[in-house]
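Asks: Here's the letter readout for the chains.
2 protein chains.
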Amino acid sequence: MAEVGVMRVLLLFSSFYIFMYCANSAATDIELDAKAQFTHRIDSLNLLLYTFLLILTVLTIWLFKHRRFRFLHETGLAVIYGLIVGALIRYAGSKTPVLHMAVSPEKDSKYNLSLPPDTLWLRFPNRGGNPPLSNKTYAYAFREEIVDVEDNEMDLKATFDPEIFFNIILPPIIFHAGYSLKRKYFFRNLGAILTFALIGTTISSFVVGALMYGFTYLMPNLKGSFTFLDTLYFGALISSTDPLTILAIFNDLHVDVNLYALVFGESVLNDAVAIVLSGSIQNYGERYQSGTGGFETQAFFRALGDFFGIFTLSLLIGALMGCITAILTKFTHVRDFPLLESALFVLMSYSTFLIAEASELTGVVAVLFCGICQAHYTYNNLSPDSRSRTKKLFELLNFLAENFIFSYIGVSMFTFPKHHFDPGFILAGFFCAMLGRAVNIYPLSFILNLGRKPKIPLNFQHMLFFAGLRGAMSFALAIRNTVSDARQAMLTTTSLIVIVTVIVQGGATMQLLTWFKIPVGVDEEVEMLPYTGVRSVYNSMGTTDVAGPSVEQICGDGEASQRDKQSPMLGEIADQTREGSAGSKLNDKAWLARIWGDFDVKYMKPFLTHARPTLLETLPVCCNPVARILTTTEQMTQENLSRSRVDSDSDLCIDENELSYGNQQRTSAQRSDSLIASGDLGLGSRFVDTRVRVPGPGGKDM
Amino acid sequence: MAEVGVMRVLLLFSSFYIFMYCANSAATDIELDAKAQFTHRIDSLNLLLYTFLLILTVLTIWLFKHRRFRFLHETGLAVIYGLIVGALIRYAGSKTPVLHMAVSPEKDSKYNLSLPPDTLWLRFPNRGGNPPLSNKTYAYAFREEIVDVEDNEMDLKATFDPEIFFNIILPPIIFHAGYSLKRKYFFRNLGAILTFALIGTTISSFVVGALMYGFTYLMPNLKGSFTFLDTLYFGALISSTDPLTILAIFNDLHVDVNLYALVFGESVLNDAVAIVLSGSIQNYGERYQSGTGGFETQAFFRALGDFFGIFTLSLLIGALMGCITAILTKFTHVRDFPLLESALFVLMSYSTFLIAEASELTGVVAVLFCGICQAHYTYNNLSPDSRSRTKKLFELLNFLAENFIFSYIGVSMFTFPKHHFDPGFILAGFFCAMLGRAVNIYPLSFILNLGRKPKIPLNFQHMLFFAGLRGAMSFALAIRNTVSDARQAMLTTTSLIVIVTVIVQGGATMQLLTWFKIPVGVDEEVEMLPYTGVRSVYNSMGTTDVAGPSVEQICGDGEASQRDKQSPMLGEIADQTREGSAGSKLNDKAWLARIWGDFDVKYMKPFLTHARPTLLETLPVCCNPVARILTTTEQMTQENLSRSRVDSDSDLCIDENELSYGNQQRTSAQRSDSLIASGDLGLGSRFVDTRVRVPGPGGKDM
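Residue numbers (my numbering), protein chains in the order written: chain U, 36 to 737; chain A, 36 to 737.
Bear in mind the hints are in silico, worked out from the structure with no lab data behind them.
Check each hint, because a few of them may be wrong.
Restricting the straight-line Cα-Cα distance to at most 20 Å, the calculated cross-link-like pairs of lysine to aspartate or glutamate (DMTMM-like) are [unchecked claim]:
1. U:100 with A:371
2. U:637 with U:652
3. A:453 with A:198
4. A:453 with A:196
5. U:453 with U:520
6. A:100 with U:371
7. A:552 with A:287
8. U:637 with U:669
9. A:258 with A:520
10. U:100 with A:196
11. A:100 with U:420
12. A:100 with A:78
To spell it out: a stretch of chain A is covered by chain U in this simulated footprint if at least three of its residues, at any positions, have a beta carbon under 8 Å from a beta carbon of chain U; those stretches are [to be verified]:
13. 81-88
14. 300-311
15. 383-393
16. 425-435
Just so it is clear, CB atoms sit at the ideal spot from N, CA and C, and this is done for glycine as well.
Hey, can you work out the whole structure from these sequences and the hints?
Replies: Right, here's the structure in full:
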């Protein structure tokens, strides 16, 4: 009922909106101020249109959730509503006559014509007014290059500056991804995730780029309009995935957390990889455009250097700002004033994005790693009020930003003036996108499985392949530059791939989960197993130094059998787990992750958070004066472990290690043994302990 | 320590920032893309500057709060830091050479020259490139009128489009004011608040306008550059107050809640009045500029009609959207999904602003009344999660927006290119602003005290006069239009008045509270008196129909004497109260408020919220089928009163009335008696029950 009402209101406003455009034709004789007001009203109506689309999406998705209808995620719905409204605007509205005037420089202009000026000053003889007023001068600001003079009316219809996506819409989405990352499972599968995201995305980009270039070379109507760099750029942007729909369903159905971690972790990181990769490709193109046009080895390696340099520096800026925030929240008592604390948190996170952008790095990457650090360190120092406030704030911002961008993809399909529909290119794009995903997942899974004892089963591989939905990042990269025909064809293809994958793949997920026999229904109660139980088991594992416990041992017999009843697949995994943990007890590949984990627990966490052990316990005795300064009273006086249990969803092995410090009973040798036994974080990660979840920033919804 | 570090980082970035501007001079030979990137970096640096200013403000204000240093509010601090950084940018940085080119229409242009075109197309011969590329066409978008051709470089330095203040910064501030309004005390003092805000602001505007016009007429250097409409516009914008600093101190010290309500309520409403008033003045100016220039009676009345029409329609749109949100949250089960619910709430509130703006009404006024309605109705229907989420979200947004605008006022004092310092005008401005406030408060208090038994004591009047700080709204209105010299002088004067009042008056508040002997230390415990106690007293009052209870009766003897010890002034007030409630038992002036309160309880609340009584109980029997549809199961099954006690901080008399419905023991006549006795909401409002607070949206901090 309410939906129908809202729909009516929306239609009313759509028609009002269309009417506004029609009314524009009478605008030639109204005053300039009235015109400015009119522009303001059009802007408001544009925003209003999207606000109503979002309201409509929210209400419909509530209805779907209420009726347990899971075939359409809110993003899919936003796209569909966007398409409908976009079509309405396109076909029901009249053309907007934007008034343009061709001008040429004045004769006595002293301007040196090597670059278009920032502003134009037009001396405008006012002939219309009565009585005639004196001549006026108007300033015009640079906006864009016009390529196709015949067909290029700048259109006011429901479109935004593409830079908005990069500077306003993406940062909260990406920050939220980092902030809500389940770090325990992420780190446990870090090897596989990094392989898929870094190597896989690069392979996918080049395969798609090469295939598309070959294809455009073969097609007579496209030949010559695409360079290899163009198609490579397309490869990079289409290689970033956005499996929102699928993750929402995973979350609803409590799908295996390691599969969840693989899909989520990979999609988060490949966004970062894709944006840096496409930036490097663009830089390469800009630098060597005027040259021979062929392949230049030196240039290629500089682009490669660009890629790693920008990625690493952005990562470091993000991590550094996260750590600074942790220090600020630890050593000041700003937590006594939660509002100030939350404001500080938000401002520091936003400034990370701005610093990276101002230094010509990638703000999106910086903000992602800032989010991860904020969750890992700062979150522990925050007051309960700030914790819930920041968590809920970014959850909401993420929700709104995501649905806005998907509505916009739908609407802009019809209203954005720079689409170029080329059926051949579109079909090739779909095919290559699918193939690119396949060459990412299957060969790499094969290689990973060589060194990984609990192999990634084939059904998980299928699901990973299938989770390659395209989303916000692909669209934002495609719409950034639409000057040439080639870029316009890429935008159109990308938009269509996003729309189709979100709706079709999103809708088919439930079916495929059954088909691939993915274990679902990993029950909350089983997940919420008392933490101490696991701890004590791990503890015994550490001290006895034998093979890890089986899932049955952890859960207790009754619970395990109950779980087996719920999902017959779990038994199999449990078997794999038992085998896996026995086999990879001392896996050497994990050395990097192990060193980092050790360093994190001994120095980073004590320094940056209120967690035990303190630096007084971990630093050598000679450093005691320094350590005393860096240790807060809260840290000294707090009850062991009580905080870390509640606050952190950090990797279990780290918590476990904290426990060993807290008890101060075990020797250092025993500790490092237990570290190795309880989690190897390298390439050969294991599927263990899928049943323990600790609430963290992403606790509830992820 | 941390502050010093941050300061250093800021200085580092300031110098980087300044360096960036210097680097600009070499920009003539870089590529267009690089230039776009450069612009993007400048934008990022601009935002970064303000982000760091805010971080600095947050950290310093934490230090102040930590040390219980109350002489500087965060807004004052933001202004001071802004001034420092602005001066740094101004005097350390070099002039930005923005490249402009004078152009004239091409010979064969078919454009009809009655209005400047939306865009200019410049055919740009590329002479600089090697090899020379083909000619390119660039589009330029209309930006502004240039008045002073010699001295008008569009400057990139740390300035934003003034429209940003109206469309992005003000809405959350105003919405939060409405959402966190303590409606109980607001409605209890509604008469006085409306008198001050509506009549007082108008008087103040005209007095300031007339005096300033007389002054500019007398000054030889200003004569002729100001019209009466200009000075009247100045009067309107300077009449809106923003007593943030003072309210923060009131809140810290638990100053008398009725004084708090008067100051807060008046400042909230006079923002709305000032913006509509200045809009009407501008419309009047635009419409009749070309006429004789003299006073036109018809035009004046049309402007008056504009004023009331726009105000009323904006108010209605806001209220309507609030009610629609209440209906949506009541009749759907969207509260089962708090994220969706919060999103819906935010989107509906934002769309209120957009609808009003798109209909040429005043979004700020609409969003204010939307906020009040959301708090009064929708808040009751929200899930606990959404309640805390929306409350905290808007609290944070309000904090950030407020401090941003005050930083900007500070920075722009030095960097905004369109300042016009005229010492005479500035001095006159200060004097008139003070006088305008005085003619608002003192005469109206005198008149109000004639019909109001518990008179507004003289010390409260002084405090009201003193609370006339100017803030965000004045500045936003002043910076909106800076084309003429007159407007630039007004901007400069307004900025200075804002800065001085925020710092000086804000800093002196503590001193003045002592000086004026305003009762402080109204303790939390006394305020948190069990609700039922008050209820039962009121109950007995309703049934016995005698004069209202004294504060002593309500609080119990022990508590009252304790309070008297804390603040000797309270005894006096209590005496006044006793006298007042006896005298104004059946005050006829309250009829409008009484009718509305009755209607609200009988029809609006049952219809829009889950509160008891239901419409089944309040509507005539013939309407039962309709009433049944509009009554939810939650409403029927909920325990009487338990919800309304927790949810709502609505006016006590309304709650009391709900009680009478819930008990269903009293007759309608008794009920209306108790209504009159327990609160008259008209001009002659009384100071009673200052000690009862119920948590609501603004519960914690207001």
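Asks: If a hint holds in the structure, say so; if it does not, say that too.
Replies: Structure-based check of each hint:
Taking the CA atoms of residue 100 of chain U and residue 371 of chain A, the gap is about 10 Å. The hint holds against a cut of 20 Å. This hinted pair checks out: residue 637 of chain U and residue 652 of chain U have alpha carbons roughly 9 Å apart, not beyond 20 Å. A hinted pair counts as satisfied when its Cα atoms are at most 20 Å apart, and residue 453 of chain A with residue 198 of chain A qualifies at roughly 16 Å. Under the criterion of a C-alpha separation no larger than 20 Å, the hint pairing residue 453 of chain A with residue 196 of chain A is consistent with the structure, at around 13 Å.
Annotation: proposed proximity of residue 453 of chain U to residue 520 of chain U holds, straight-line Cα distance about 9 Å (limit 20 Å). As the CA atoms of residue 100 of chain A and residue 371 of chain U are separated by approximately 10 Å, the hinted pair is consistent with the 20 Å bound. For a cut-off of 20 Å, the pair hint linking residue 552 of chain A to residue 287 of chain A stands: about 16 Å separates their Cα positions. Pair hint residue 637 of chain U plus residue 669 of chain U holds up; C-alpha atoms about 18 Å apart against a cutoff of 20 Å.
A hinted pair counts as satisfied when its Cα atoms are at most 20 Å apart, and residue 258 of chain A with residue 520 of chain A qualifies at roughly 12 Å. Of the pairs offered as hints, the one joining residue 100 of chain U and residue 196 of chain A is violated, with about 42 Å between alpha carbons and a cut-off of 20 Å exceeded. Only pairs whose Cα atoms come within 20 Å are accepted, and residue 100 of chain A paired with residue 420 of chain U is accepted, the gap being roughly 18 Å. Restraint check for residue 100 of chain A and residue 78 of chain A: not satisfied, since their Cα atoms lie roughly 33 Å apart, outside the 20 Å limit.
Given a C-beta distance limit of less than 8 Å, the hint that chain U covers the segment 81-88 of chain A holds, as 4 residues qualify and 3 suffice. Under a criterion of three residues with beta carbons nearer than 8 Å to beta carbons of chain U, the stated coverage of the segment 300-311 of chain A fails, only 0 such residues being counted. Beta-carbon proximity to chain U at under 8 Å applies to 7 residues in the segment 383-393 of chain A; the threshold of 3 is reached and the given coverage holds. Counting residues of the segment 425-435 of chain A whose CB lies closer than 8 Å to any CB of chain U gives 6, so the stated coverage by that chain holds, three being the minimum.
In terms of the numbered hints stated before, the structure departs from hints 10, 12, 14, listed from lowest to highest.
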